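From first to last, the protein sequence lines are chains U and B. Start counting the first sequence at 162; every next residue gets the next number (the working numbering). Start counting the second sequence at 162; every next residue gets the next number (the working numbering).
Don't read these hints as lab results, they were simulated from the structure. Source: prediction; values computed, not measured. Just so you know, even glycine gets a beta-carbon here, dropped at the ideal spot from N, CA and C. Be careful, since some hints might not be right.
Claimed, not checked - Facing chain B, according to a computed beta carbon distance under 7 Å, are these residues of chain U, among others: (1) L166; (2) S169; (3) P204; (4) G289; (5) V293; (6) E305; (7) V317; (8) V324; (9) V345; (10) G346.
Unchecked claim - List of simulated lysine to aspartate or glutamate pairs, EDC-like, C-alpha gap at most 16 Å: (11) B:K334 <-> U:D341; (12) U:K164 <-> B:D316; (13) B:K164 <-> U:D316; (14) U:K319 <-> U:E305; (15) B:K163 <-> U:D316; (16) U:K319 <-> U:D304; (17) U:K334 <-> B:D341; (18) B:K319 <-> B:D304; (19) B:K334 <-> U:D318; (20) B:K319 <-> B:E337; (21) U:K353 <-> B:D251; (22) U:K334 <-> U:D316; (23) U:K163 <-> B:E305; (24) B:K334 <-> U:D321; (25) B:K347 <-> U:E331; (26) U:K338 <-> U:D318; (27) B:K334 <-> B:D318; (28) B:K338 <-> U:E337; (29) U:K164 <-> B:E305; (30) B:K334 <-> B:D321; (31) U:K319 <-> U:E337; (32) B:K163 <-> U:D272; (33) U:K164 <-> B:D304; (34) U:K163 <-> B:D316; (35) B:K319 <-> B:E305; (36) B:K164 <-> U:E305; (37) U:K164 <-> B:D272; (38) B:K338 <-> B:D316.
2 protein chains.
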Amino acid sequence: MKKQLPPSERLYPMPCVLVAAGTPADAAVMAVAWINVVSSTPPTVAMGIRRSRATLECIRERREFTVNIATTSMATEVDFCGIISGRTLDKAALAGFTFSRGNATRAPILDQCPYSLECRVTNELEVGDYVVVFGEIIATHADEAVLTADGKMVDVDKLDPLVYIAGQREYRKLGEKVSDAFSVGKQLLPPKE
Amino acid sequence: MKKQLPPSERLYPMPCVLVAAGTPADAAVMAVAWINVVSSTPPTVAMGIRRSRATLECIRERREFTVNIATTSMATEVDFCGIISGRTLDKAALAGFTFSRGNATRAPILDQCPYSLECRVTNELEVGDYVVVFGEIIATHADEAVLTADGKMVDVDKLDPLVYIAGQREYRKLGEKVSDAFSVGKQLLPPKE
Numbered sequence: 162m163k164k165q166l167p168p169s170e171r172l173y174p175m176p177c178v179l180v181a182a183g184t185p186a187d188a189a190v191m192a193v194a195w196i197n198v199v200s201s202t203p204p205t206v207a208m209g210i211r212r213s214r215a216t217l218e219c220i221r222e223r224r225e226f227t228v229n230i231a232t233t234s235m236a237t238e239v240d241f242c243g244i245i246s247g248r249t250l251d252k253a254a255l256a257g258f259t260f261s262r263g264n265a266t267r268a269p270i271l272d273q274c275p276y277s278l279e280c281r282v283t284n285e286l287e288v289g290d291y292v293v294v295f296g297e298i299i300a301t302h303a304d305e306a307v308l309t310a311d312g313k314m315v316d317v318d319k320l321d322p323l324v325y326i327a328g329q330r331e332y333r334k335l336g337e338k339v340s341d342a343f344s345v346g347k348q349l350l351p352p353k354e
Numbered sequence: 162m163k164k165q166l167p168p169s170e171r172l173y174p175m176p177c178v179l180v181a182a183g184t185p186a187d188a189a190v191m192a193v194a195w196i197n198v199v200s201s202t203p204p205t206v207a208m209g210i211r212r213s214r215a216t217l218e219c220i221r222e223r224r225e226f227t228v229n230i231a232t233t234s235m236a237t238e239v240d241f242c243g244i245i246s247g248r249t250l251d252k253a254a255l256a257g258f259t260f261s262r263g264n265a266t267r268a269p270i271l272d273q274c275p276y277s278l279e280c281r282v283t284n285e286l287e288v289g290d291y292v293v294v295f296g297e298i299i300a301t302h303a304d305e306a307v308l309t310a311d312g313k314m315v316d317v318d319k320l321d322p323l324v325y326i327a328g329q330r331e332y333r334k335l336g337e338k339v340s341d342a343f344s345v346g347k348q349l350l351p352p353k354e
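With the rest of the complex left out, here is chain U (with noise of 0.2 Å):
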């Protein structure tokens, strides 16, 4: 039996990022939930940012910004980055962060996450109290301890990254693995004439 409940802006899951922006000695840092990529030609992220965040100020004004995936080690850090805002007290600072300079572009890249895009904005869209950024992936660092033996791409298990679950607000662990994926649903094609 289906319930009607009121709209709500739950979907689920969702990762939990750390944006920042600025420059390595001086970032801006935020933790984002509503983010993912929405296209590959070129690679490019979308995220929902409210308008009053600090560091958006600092994405609009340099245009560039960097995206750290956190490991589940790092949920503390991350929530007092969804808590704090960077104009009351120095947030990154605070949390242990240390910040190098990006290759591609010159937005801070987090040294403590093991996974970031650099990012160059490319686009935005305001919706209510939100501003949708746009960014054009520039660059991707990864740790070599959370790569496939090969060096190829990022091993999901080693790089443990944080899930957030909105409505109940839990952080979470990845589970097991369902399925492959482009592979499993080839059971369901008709049998060729």
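Assemble the complex: chain U is given as a structure, and chain B must be docked to it using the hints.
Same frame as chain U, but now just chain B:
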């Protein structure tokens, strides 16, 4: 030691939902991993869809669609909808899907999914070979079996949503709880003077 990889459209993790459009009697359905909330005022989702998709045509024509969260038990059906084009086969029939008419829109709600959002298209933006479709969430429907005891929100363990891992192309389950959000980070606040 960080290694630079080619820029790639990989963020971890992604949801994997079924988007439906058209009418309950003639529904187009596709698997979408590039989707997330982008605003709560009003509640709005954005998703990147390859321009050639049959379901996109249907969304553009009717200006309405539903987002249906698939459970991990539906991985085969979701994968099938991600592999096959609705231009060549009746995907929904082969996957055993049935649809009901929405309350707030005329878009088809996928009966087999325990959580669905009815959306009205508010905007779209082209990014390379992809179209980013923005949809305002007009109504939310959930099976009573996936709600918390008070019936007010989704219990994500009961929902058991499918998770998509880009790159290694796997479907995953959600894992264990790490900590409460908007809570655990408070321990990093400096002591009040």
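Against the 16 Å threshold, does the CA-CA distance of K164 (chain B) and E305 (chain U) hold or violate the hint? Holds - the C-alpha atoms of E305 (chain U) and K164 (chain B) are around 6 Å apart, at most 16 Å.
Next pair to validate is K319 (chain B) with E305 (chain B); report whether the Cα-Cα distance is within 16 Å. holds, 10 Å
Next pair to validate is K334 (chain U) with D341 (chain B); report whether the Cα-Cα distance is within 16 Å. Cα-Cα ~12 Å, so holds.
Can the hint on S169 (chain U) be confirmed by a CB-to-CB distance to chain B that is less than 7 Å? holds, 6 Å
Sort out whether D316 (chain B) lies within 16 Å of K164 (chain U), counting only the CA atoms. holds, 14 Å
With a cut-off of 16 Å on the C-alpha distance, tell me whether K163 (chain B) and D316 (chain U) pass. holds, 15 Å
Is K334 (chain B) within 16 Å of D321 (chain U), Cα to Cα? It holds: about 13 Å lies between the C-alpha atoms, which stays within 16 Å.
Hint check: K338 (chain B) vs D316 (chain B), CA-CA at most 16 Å. Holds or violated? holds, 13 Å
Under 7 Å, Cβ to Cβ, is where L166 (chain U) needs to be relative to chain B, so tell me if that hint holds or is violated. holds, 4 Å
Take the C-alpha atoms of K334 (chain B) and D318 (chain B), compute the straight-line distance between them, and say whether it is at most 16 Å. holds, 10 Å
Is the hinted pair K334 (chain B) and D321 (chain B) satisfied, with a Cα-Cα distance of at most 16 Å? holds, 7 Å
Is the interface hint satisfied for G289 (chain U)? The criterion is a beta-carbon contact with chain B at less than 7 Å. With Cβ-Cβ at 3 Å, under 7 Å, it holds.
In terms of the numbered hints stated before, the structure departs from none.
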